[in-house]
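There are 2 protein chains.
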Amino acid sequence: MTDISPAIDPARLDALAEVAVKVGLQLRPGQDLLLTAPVEALPLVRRIADHAYRAGAGLVTPLLSDPEVALARYRSGEEASFDRAAGWLYDGMAKAFDAGTARLAVVGEDPMLLAGQDAARVSRANRANSVAYRPAMERITGFDVNWNIVAYPGAAWARQVFPDLPAEAATRRLADAIFAASRVDRPDPVAAWAEHNANLRARTERLNGQRFSALHYSGPGTDLTIGLADGHEWHGGASTAKNGITCNPNIPTEEVFTTPHALRVEGRVSSTKPLSYQGTLIDGITVTFAEGRIVDARATRGQEVLDKVLDTDAGARRLGEVALVPHSSPISRSGLLFFNTLFDENAACHIALGQCYAKCFVDGATLSPEEIAARGGNSSAIHIDWMIGSGLIDIDGLHLDGSRVPLFRKGEWV
Amino acid sequence: MTDISPAIDPARLDALAEVAVKVGLQLRPGQDLLLTAPVEALPLVRRIADHAYRAGAGLVTPLLSDPEVALARYRSGEEASFDRAAGWLYDGMAKAFDAGTARLAVVGEDPMLLAGQDAARVSRANRANSVAYRPAMERITGFDVNWNIVAYPGAAWARQVFPDLPAEAATRRLADAIFAASRVDRPDPVAAWAEHNANLRARTERLNGQRFSALHYSGPGTDLTIGLADGHEWHGGASTAKNGITCNPNIPTEEVFTTPHALRVEGRVSSTKPLSYQGTLIDGITVTFAEGRIVDARATRGQEVLDKVLDTDAGARRLGEVALVPHSSPISRSGLLFFNTLFDENAACHIALGQCYAKCFVDGATLSPEEIAARGGNSSAIHIDWMIGSGLIDIDGLHLDGSRVPLFRKGEWV
Ligand SMILES: [Zn+2]
Ligand SMILES: [Zn+2]
Ligand SMILES: [Zn+2]
Ligand SMILES: [Zn+2]
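Line by line, the protein sequences give chains A and B. This note's numbering puts the first sequence at residues 19 to 432. This note's numbering puts the second sequence at residues 19 to 432.
If we strip away everything but chain A, and leave its shape as in the complex, we get:
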């Protein structure tokens, strides 16, 4: 029942597990590993466990989730159940991170799992979950420990990305796209990642040398100025957690990113790709910012879910991340819409609503939440990326003296 699909190359799946452990996590000998995954991803989970133990892991603990159990609540649950969350489990996870446990998340779920469910219930369940998960999430956004997200080509996800292909062909295409984007189609994937990390590092060093006060975006439906947080720092590719381990949180990753100023965003911006948010699709988003806050938000699809997301808490209407990705990135060139942020955000420039990353400040690891807030870092129970880049977008860096430096023209680095 848990055999690998014949559509998935076992050697590349094993290489992906190796990259997750050696590049994504840089797992340290003796370190425990907490791994979350949809149950369908078990073949990858097993390979990860093996590579983790070979790398000297303490204990590998997988937490496997099942979409059918999730759906059972919508099918048969009482109304009150949609305000419940497994706080005891998330508190345990926070405790594990405090004890130095590394964190690996395998994604691969059906992006439309909850698409047919009542939006109010989905929103209540997400909200209860976000609140309960917050202590654990803060350890991750605060980069207390090395962590990594990696993808498995789940069947329902493949069906969504390739609706016109037979099931096995769809899984094969998605698997190959994941393997290519994750650089495990190269002869030496670990070496390929070292080279990629060096390229991303050159970009962040250039941006950190400039210390822009803001970025200005222009393009169809977009005229937006994003102030950057005081003392912001650009990151991309490999990055060092507070426990001293340099890891690659996202496999794949193409972005360089930093923290915007939560109070200094002005103008209008339109999404360029649909946003798949916890099982529902939000598309055609246009929002208007004033003093950093979204004062108007429209979507051609998923308006109700978008409205509920924005009402999660005070920080949900403000930005926590701004990221630059060239339109020619490999994932963008694949031409695929993955319905998954890990991939789609690496196809396009994006911004994120909600929680900021503490590491995107100079000496971020030493700052208190109050100091981060004083520098313009946003705080929220959510962190939701959405795509605003395309082949038509221009971006300038703005200095306080009014001078402008062209960064992107028609979606590419100048």
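If you are wondering where the hints come from, they were derived from the structure by calculation, not from laboratory data. Glycine included, C-beta positions come from ideal geometry on N, C-alpha and C. Careful: at least some of the hints might be erroneous.
What the hints assert, rightly or not - Just so you have them, the derived chain A footprint on chain B, three or more residues with Cβ under 8 Å:
(1) 100 to 112
(2) 188 to 195
Stated by the list, open to error - Listed next, with one range per pair, are the computed distances between beta-carbon atoms:
(3) A:ASP182 - B:ARG351: 54 to 60 Å
(4) A:PRO184 - B:ALA383: 55 to 61 Å
(5) A:GLU284 - B:GLY262: 34 to 40 Å
(6) B:PRO387 - A:ALA185: 55 to 61 Å
(7) B:THR258 - A:ASP182: 54 to 60 Å
(8) A:ARG93 - B:THR264: 24 to 30 Å
(9) A:THR384 - B:GLU96: 30 to 36 Å
(10) A:PRO153 - B:THR258: 33 to 39 Å
(11) A:PRO24 - B:THR264: 49 to 55 Å
(12) B:ARG93 - A:ALA187: 58 to 64 Å
Given chain A's structure and the hints, the job is docking chain B with the ligands onto it.
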């Protein structure tokens, strides 16, 4: 990958889920449910989730374990990893129970999973796990919340019980045996359980009316006197947890049981069935007790594991449970050796090494651990049942004045 085997009748599997929720747990509306299961048992887990939500569950949280991930540690792990355990997860479980969450465990693993592994590593891993699990286990043995164990016919388990049958036939036979023992082959399984519980209750009321000071066992290789704890109380079938919910912890169950006195066991006893202990088999056990403590222990198979079990802690060499089961019980009559305590203990009279059940005292729910110890209740990180009953065993109840009441003759109630 997670479809139900064609060898398992889906209607009976659904009935088993219903019995687990309505009889095993008596799940209360609004109550959360924490469910552990091998990943192979997912078809049953899904049915349980559905019945739980229909019964008004708050949130159902399954924790799925995978044998291949467990084996990866033995194949590729460093020595130090065998002293690690997921304390953060077990502490979280304890917290969930304190908040009123019900507990359901699905068993069905390969009983020989770790049979080929290094005994010292198995023992160290079990020990680390027992110690870490203890806070959560104490909530269960202390009967803080309603809990239940139920079985799924896993393929490797079926292979072990029916080594001469093809895989699908073995699974069908094991499934049918589980369904019969769990009374889901009856027209109205919930009503059948009500009748069975009434029969077991009549037996416990008779024994509790006698207040024996000890039981005396005689049979081949056995001449044993088991003192009963002061203020002991016999239980069997349905029982009421401290949260006020009357549940059936074991599905199936045929036993009536109470707490022996940890310091008052004398004589010699031989096991009558092999003991499957966390993946290894211990057989042909003969032990000698003096003042309640095992002073000599031999096994024809698994001696090394047995020795390590007995060295877990001070309470591991003393008894925590004594249970009476007629040799004519349905499970015994099946003639099968299940290599699983939940079934095999219900085929025969048994005793358990280690932790006692607080509920097996008059007003047990109100007693402190110190008061339980003062009455003779044993304390340990382990609780391991082993079978000492057969068609040849005689048991008498002993009163303090020396009078004897015959209870069992040739394995049957007098
Ligand atoms: Zn990003
Ligand atoms: Zn982001
Ligand atoms: Zn028992
Ligand atoms: Zn027992």
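Going through the hints against the structure:
no. : hint                            : result
1   : 100 to 112                      : holds (count 8)
2   : 188 to 195                      : violated (count 0)
3   : A:ASP182 - B:ARG351: 54 to 60 Å : 58 Å, holds
4   : A:PRO184 - B:ALA383: 55 to 61 Å : 60 Å, holds
5   : A:GLU284 - B:GLY262: 34 to 40 Å : 59 Å, violated
6   : B:PRO387 - A:ALA185: 55 to 61 Å : 56 Å, holds
7   : B:THR258 - A:ASP182: 54 to 60 Å : 59 Å, holds
8   : A:ARG93 - B:THR264: 24 to 30 Å  : 28 Å, holds
9   : A:THR384 - B:GLU96: 30 to 36 Å  : 33 Å, holds
10  : A:PRO153 - B:THR258: 33 to 39 Å : 35 Å, holds
11  : A:PRO24 - B:THR264: 49 to 55 Å  : 50 Å, holds
12  : B:ARG93 - A:ALA187: 58 to 64 Å  : 34 Å, violated
Checked against the numbered hints given earlier, this structure breaks hints 2, 5 and 12; the rest are met.
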